[in-house]
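**Student:** Chains as they are written, first to last, in this note's numbering: chain A, 6 to 113; chain B, 294 to 405.
Think of the hints as simulated: they come from the structure by calculation, not from any bench.
C-beta: ideal position from N, C-alpha, C; glycine also.
Be aware that a few hints might be false.
Said to hold, decoys possible - No farther apart than 20 Å at their CA atoms in a straight line, the calculated lysine to aspartate or glutamate pairs in the DMTMM-like style are these:
id, chain 1, residue 1, chain 2, residue 2
1, A, Lys96, B, Glu346
2, A, Lys96, A, Glu72
3, A, Lys59, A, Asp86
4, B, Lys306, B, Glu375
5, B, Lys306, B, Asp378
6, A, Lys59, B, Glu393
7, A, Lys96, A, Asp32
8, B, Lys306, B, Asp377
9, B, Lys306, B, Glu368
10, A, Lys59, A, Glu72
11, A, Lys96, B, Glu347
12, A, Lys96, B, Glu393
13, A, Lys96, A, Glu10
14, A, Lys96, B, Asp389
To be verified - Below, a sample of chain B positions facing chain A; criterion: calculated Cβ distance under 8 Å:
id, residue
15, Ser326
16, Gln334
17, Pro336
18, Glu393
Claimed, not checked - Beyond 10 Å from chain A on every Cβ pair, some chain B residues (computed):
id, residue
19, Ser300
20, Lys306
21, Thr313
22, Ser320
23, Glu345
24, Phe362
25, Val404
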Amino acid sequence: GIQVEQSPPDLILQEGANSTLRCNFSDSVNNLQWFHQNPWGQLINLFYIPSGTKQNGRLSATTVATERYSLLYISSSQTTDSGVYFCAVGKNGNQFYFGTGTSLTVIP
Amino acid sequence: ETGVTQSPTHLIKTRGQQVTLRCSSQSGHNTVSWYQQALGQGPQFIFQYYREEENGRGNFPPRFSGLQFPNYSSELNVNALELDDSALYLCASSPDRANEQFFGPGTRLTVL
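Pulled out of the complex, with its shape left as it was, chain A reads as follows:
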């Protein structure tokens, strides 16, 4: 299967700071998503980004498929950004692989 590595595993930020989360994957993919998991376990879609760059408010993401990595940028972080961020990849549309996540804590 495809190995998905996320870094850093843990991140503590002061409110207002910026951060970059990274997702490396071991094979070519045609599906890549970023999620935020809230304390109740709900996975919230952030980006569907098999390639290219997208932005949504304070969040943006870039996937460089040829180099097998994706980055999630969070600017001007807020306490509500706290939680676990997951990257998930897929190939051929019949199996998907999640990373182990980055746990983000934003301190007021």
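With the hints as your guide, set chain B onto chain A.
**Tutor:** Frame of chain A, contents of chain B only:
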């Protein structure tokens, strides 16, 4: 537009029992995938159903089985429950096999 729903929210079973979890896909979606998330880990892919047929399977034993119905809702069945089956079970639906997935709130299963 109704999102992905799952039932029940929580469930407690004893070792050796059988359990059925249910998922209603988002309107217009024909693909459902199931995941198991143990505490502190990322979700692990169990299997995917596309138009009522199993379309892919992760590294889970045959006692994990599923169904997809004509309305594209789905069930996950687990037989002979083991303590390690305690986890959050997540269902995701998508418009097609390789498209963006949308997750339900999950079912938290505890096996005693």
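**Student:** Could you run down the list of hints and mark each one as holding or not?
**Tutor:** Consistency of the hints with the structure:
1. A:Lys96 with B:Glu346: The hint holds at about 18 Å.
2. A:Lys96 with A:Glu72: 16 Å, holds
3. A:Lys59 with A:Asp86: 18 Å, holds
4. B:Lys306 with B:Glu375: 10 Å, holds
5. B:Lys306 with B:Asp378: 10 Å, holds
6. A:Lys59 with B:Glu393: Satisfied, since the Cα-Cα distance of roughly 15 Å is no more than 20 Å.
7. A:Lys96 with A:Asp32: 9 Å, holds
8. B:Lys306 with B:Asp377: 12 Å, holds
9. B:Lys306 with B:Glu368: 17 Å, holds
10. A:Lys59 with A:Glu72: Holds, at roughly 18 Å.
11. A:Lys96 with B:Glu347: Status holds; Cα separation ~16 Å.
12. A:Lys96 with B:Glu393: 12 Å, holds
13. A:Lys96 with A:Glu10: At roughly 16 Å apart (the allowed maximum being 20 Å), Glu10 (chain A) and Lys96 (chain A) satisfy the hint.
14. A:Lys96 with B:Asp389: 13 Å, holds
15. Ser326: Given a least distance of 7 Å, the restraint on Ser326 (chain B) holds.
16. Gln334: It holds, given that the least Cβ distance between Gln334 (chain B) and chain A is near 7 Å, below 8 Å.
17. Pro336: 5 Å, holds
18. Glu393: 4 Å, holds
19. Ser300: 15 Å, holds
20. Lys306: 19 Å, holds
21. Thr313: Given that every Cβ of chain A is farther than 10 Å from that of Thr313 (chain B), nearest at about 20 Å, it holds.
22. Ser320: The assertion about Ser320 (chain B) holds, with a minimum of 16 Å to chain A.
23. Glu345: Holds, because the least Cβ-Cβ distance between Glu345 (chain B) and chain A comes to about 15 Å, which exceeds 10 Å.
24. Phe362: 20 Å, holds
25. Val404: 17 Å, holds
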